[in-house]
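Enquirer: These are the residues of each chain, in order.
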Amino acid sequence: MARADVLVIGGGVTGTLAAITLADAGASVTLIDAGVNAGSDANAGSLHVQMQSRFMRLYPDQVPNVEASLPFYRAAAEEWVRLDAVLGGVELVRNGGLMLAETPDQLAFLEHKADREAAQGLSVEVLDRTALDQIAPWLGPNIIGAELCRDEGKLNPLLANRLLRGRAEAAGVARITGKVDGLALTARGVEATTAEGPLQADQVIVAAAWGAGRLADGFGVSIPTRAEPLHMNITEPGAPSINHLVQHAERSITLKQFGSGQIVIGGGWPATYRGQTQPPLVRPASLLGNVALAAKLAPAISGLKVIRTWAGMNTTIDGASVIGALPGAERIVMAIPGDAGYTLGPMVGQMAASIALGAQTGFDSERFSPVRFAV
Amino acid sequence: MTEITFTFDGHKITAREGQSLAAALTEAGHRAFRETAKSADRGMFCGMGVCQECLVSVDGMPNLRACMSPVRNGMVVAKQAPFPEFSGAHVESSASKHLSPDVLVIGGGAGGLSAAITAARAGADVVVLDERKVAGGQYYKQSADGSILDAQQQEGAELLAAARASGAEILSGVELWGAFDPLLFLAQQGDTAIVARPKTAIVATGAYERPVMVPGWTLPGVMTTGAAQTLWRSYGTLPGKRIAVCGSGPLNLQVALELARGGADIVRLAERAPHPLKRPFASLKMGAAGASQTAKGVTMELALRRRGIDMRNACELVGVTQSGSELLATFRSAAGVEDTIGVDALCMNSGFEPQNEILRLLGAEMRYDPEMGTLRCHTDDTMHTNVSGLYAVGDCKGLGGAPAARQEGIIAGAHAATATGHGDAYDLFAARRALARHRRFQSCLWALYDIAPRNAATMPDDTLVCRCEELTIGDLRGGLEGRPGHAGTLKRSTRVGMGRCQGRYCGPVAARMVAEATGKPIEDLSFFAPRVPIKPVAISCILAAEEALDGEG
Ligand SMILES: Cc1cc2nc3c(=O)[nH]c(=O)nc-3n(C[C@H](O)[C@H](O)[C@H](O)COP(=O)(O)OP(=O)(O)OC[C@H]3O[C@@H](n4cnc5c(N)ncnc54)[C@H](O)[C@@H]3O)c2cc1C
Ligand SMILES: Cc1cc2nc3c(=O)[nH]c(=O)nc-3n(C[C@H](O)[C@H](O)[C@H](O)COP(=O)(O)OP(=O)(O)OC[C@H]3O[C@@H](n4cnc5c(N)ncnc54)[C@H](O)[C@@H]3O)c2cc1C
Ligand code: FES
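Chains as they are written, first to last, in our numbering: chain Y, 1 to 375; chain L, 376 to 928.
Worth flagging that the hints you see were computed from the coordinates, not collected in a lab.
Model, not experiment: these values are computed from the prediction.
With beta-carbon atoms standing in for the labels, derived distance ranges:
| hint | chain 1 | residue 1 | chain 2 | residue 2 | range |
| --- | --- | --- | --- | --- | --- |
| 1 | L | T696 | Y | G259 | 29 to 39 Å |
| 2 | L | A904 | Y | A119 | 41 to 51 Å |
| 3 | Y | P141 | L | E746 | 50 to 60 Å |
| 4 | Y | V36 | L | G521 | 49 to 59 Å |
Here are some chain Y residues the structure puts well away from chain L; computed CB gaps all over 10 Å:
| hint | residue |
| --- | --- |
| 5 | Y59 |
| 6 | D115 |
| 7 | I144 |
| 8 | D181 |
| 9 | T186 |
| 10 | Y273 |
| 11 | T316 |
| 12 | G358 |
Derived pair list, reagent style DSBU-like, types lysine-lysine, alpha-carbon separation capped at 35 Å:
| hint | chain 1 | residue 1 | chain 2 | residue 2 |
| --- | --- | --- | --- | --- |
| 13 | L | K472 | L | K574 |
| 14 | Y | K296 | L | K508 |
| 15 | L | K653 | L | K671 |
| 16 | L | K472 | Y | K296 |
| 17 | L | K508 | L | K387 |
| 18 | L | K574 | Y | K296 |
| 19 | Y | K296 | L | K413 |
| 20 | Y | K296 | L | K454 |
| 21 | Y | K179 | L | K895 |
Ideal placement from N, C-alpha and C gives every residue a C-beta, glycine not left out.
Model the full assembly from the supplied sequences, consistent with the hints where possible.
Expert: See the structure below:
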C-alpha cells in the first residue's frame, strides 16, 4: 500500500479524532485498528469532570495527578459540546453530575473535595437533601446530600462512534483492520510490522490504549498501560426521570439515563480478563453487586428490568494522560487518555495530532509527556 | 371452572382461572398489548416468553409478559406505554432458595423430563426447573386446567406423572436468567430468588420458532404457529375466527388441523415447499425412515383436505397490512400470482431456532448447521458437552424433535447420574438405536420442507427485522456500508439486537448478512455474543439474588 504521511494505530475515539485532525490539516492518514476490545465500543458515555471517588480510593498516589488534570477534564467536556454540534448531535446532555453521600462523613469528604475542585475552576456545589429532592426526587431515603458538578454530562457513545467514523471516512482517512506488532525507525520515517506486511509512514500516532505501552517499549520509556476489564448493565426504557450523571462518594457506581430511556449502571466493577483478543467475561459478583447497589440508592428503578450486561476493556496508566513524542523517537507520538478516557479521548487525539503537525496543543503538554516514564 | 374478572384499559373482561393474560385478552378480542417507542402497536407473538412483545402493565407494575402471566381476579391491566414511569417499587428482602442437586435439569419438556426420570430412578438427587406454569415443554404442552385434548397431551401427562413419581423435584414457573462458570445458575420463581450450584447440569431448553419476516409481520394478530397452538392447547382459546397459517414445516399442518377441530375457520394453509408428491423419492425415503410418523402426516393432510381447507404448496406470504380489525395477508404462488385474504389471525412458522443461550454462555462448543441455518451444540455420545459436568439434550442443541429429545434425555440422565455416583450408564443400547432412527426420520422429514433461512437480499427494504429496536432490513443494509467485520459491530452501529429479546429474531439475519458481506463462513462467533441475563430480569430480583448469595457467606 501507499506510504502514509501519518499512521494512526488504534481506532477508538482517541485515534479517530487524531486521524480526523490530521486529515483535515491535509495529511495523508492511514488508521489501523485491531478491532478488538476497544474501550470506546464498551463505554457508558459519562462525561466525567469531578474527581471520581472510586479512583481516589483505588489509586490514592495518583490523586495529585488527577487534581492537576481537572481543568483538562473540563476543557475535554467542552470539546464534546463542540463535537456534538459539529457531528449533528450525539445526544449530549450536560445537566451535571451528582455524587451522593449517605453519611455525614461522606458529605464532609465531598465538601472538602468540592473546595479543591472549585479551586481548579470547576462549577461545583454541595446540596442537602431538600435541595436534592427538587432535582432528583427518585433518590432513596438513605441519601443525605450530594455534590453537584455542573460541568459533567452524558452522551450516546454508540451514536458518537458511528458519526466520528463517518466523519473520518469523509475526511479521507484510510481505515484498515490489523494489529501492529512492533515499530522501528527507518531512514525516512517509521515502519510498523503487521502480519500482513510492513507499513511505512513519516510519523506514527499510537492511540492503542492498553496496547500502547508495548509499542513504545525500546524507545526510552516504559509506559505502564494496563488493561482493566470493567462491567456494565443496561435496563429496559423508562420515563425520562434521571437528568444527572450519578455517582457515590464512597462506592463504585455510575448511573444515568440515556435518551432512549434506558438506565445504564456501571462504575468500575471488575470483569474477568481473557487475554487481549477476547472480550472479558461478566462476573456474577459484579452483576449482582453493581445492580443491587443501584437498587439501594434509587429504589424507584427496581421495577425495571436489566436487559443486558457486558464487559469491556478500560485502560489505566498513572492518573494522567500520556500525550507527546517518545524521547527515543520524535516521529512516534503517544495518545493515551487514561481514566475517563472517553471524556478525554477527543482532546487527547487532537493534541497528539497537533504535536505531530508541529503546532501548539493549547495545554501545557509537558505534564502529559511520556518522558515521565523514561527508563 | 372458576370465572374471574379483571379490567384491561378500563374494559371489564371475564376469563377462566388458569388462563394466561394473553389468552384472556385474545379471547376478549384485544390484540394490541403494548405501544412501541415509534407508536406502533404490538401484541402476542411467540406465546412462550421469548419475544417480549406481549408486555402489559399489571396493577401498576410495568412490562409483564401477558403470555407468561396467569390472570387473577380483580387485576388492573393496562396497555403498556413505551416509557413507563418508575414504579417506585419498594425494595424488600425476598425469600431465597439454594439448590445443590446431583443433577439440575433446565427445561421440563420431552428431553428434560426424560433425563430427570432416568437420573432420579438411578438414585441421583434431581431438580427440574421449568419456566412455564406446568412443565411438559412445547410438544407435550399441558393444559392449564389439567384436561386432556388428545393422545399427544396424554403422552405428556404420563411423562410428567412419571417424572413426579421418580422422585425428581419439579419446580415450575422458574425463569433461569443467569448461567456462570463453574455451573452456577441464578433463577427467579415468583418472589423467590433461586441459586443453584449443581454437580452436573442438563440443559433441555428446547427451541423457539423462526418467523416469516415480511412487511407487516409485527402487526398484532400475527403470531407464531406455536403461539396459536399454546392458546388452544393450554388455555382453550382460539386466536381468532378466520385464520391463515403459513411458513414451512409439519407444525403448521398439525396446528391448522387442531384449530380447525377447535372451531376455527382456516382460510389458508400456505406451505413454502412444493408438495411432497412432487418429490416422490424424498417422500419414499421418509416413509422408509419412519412409517408410523409418515402415516400420521398423511392422515393429517387428508383430514385437512376433507375439511375443504385451502391448502397451497409453493405458496409464500409476501406481506400483511391492517384494515380496521382485519389483517390482510398477501400470498404469492410459484407462478408469481398474488392474492390477498382477510383474516383475524395469521400464524407463521418457518422452522426453529435452538434456545442455546445457556450453552453458549457456558462456552459449549457450537458448530454451524447450514441446512437448518442454526448453530448445533456439539456433544459426545453421552450428551456431554465440552464443558465439564454440562450436558445438552433436545432441540436446544439443534432441531431433532420430541422423540429424539426423549432418547437423548434418557442417555444424558443416565450418564449424569453415573457421573455423580448413581447407577451405571450401561444399558443404553435401545435408547441409542431409537435415537438413530428418530434422527434419520428427522433429516428425511426436513428435506421435504423449505426452512433454509431466506436470503436477506430478497427482502423489501421496509421489512422490520429487529422488532424491539424497530429496525428494517434497509437500516441494516445501511449499517453494512460501514463494513462491519462482525455482527457485534453492526449491532453497535445500528442498535440491531439491543432490545429486550436480545436479538433472538434479528440476530440470525444480522449474522448472515455480515457473513455474506465479509465472505467469512458462519460459525459460533458470527452471532451476537451471549450475555446474561438470558431473559430480562427485574432489578429487584437481582437484588434478591445478591442477598441470597451474600447469605451463603
Ligand atoms: C465498560 C467501560 C465503561 C466506560 N465508561 C466510560 C465513561 O462512561 N466515560 C468515560 O469517559 N470513559 C469510560 N470508559 C473508558 C473509555 O471507554 C476508554 O478510556 C476510551 O474509550 C479509550 O479510548 P481510546 O480511543 O484511547 O482507546 P480504545 O477505545 O480502547 O481503542 C484502542 C484500540 O486500539 C486497538 N489496538 C490495541 N493495540 C493495537 C495494536 N498493537 N495494533 C492495532 N490496534 C491496536 C484496540 O483493538 C482498540 O480498538 C469506560 C471503559 C469501559 C471498559
Ligand atoms: C411453540 C412450539 C410448538 C411446538 N409444537 C410442536 C408440535 O405440536 N408437534 C411437534 O412435533 N413438535 C412441536 N414443536 C417442536 C417440539 O417442541 C420439540 O421438538 C420438542 O418439544 C423438543 O423437546 P425439548 O425437550 O428439547 O424442548 P421443549 O419441549 O420445548 O422443552 C423446553 C422447556 O424448557 C423450558 N425453558 C426454556 N428456557 C428456559 C429458561 N431460561 N428457564 C427455565 N425454563 C426454560 C421451557 O419452558 C420448556 O418447558 C414445537 C415447538 C415450539 C417452539
Ligand atoms: S408473546 Fe409473550 S413473550 Fe412473546
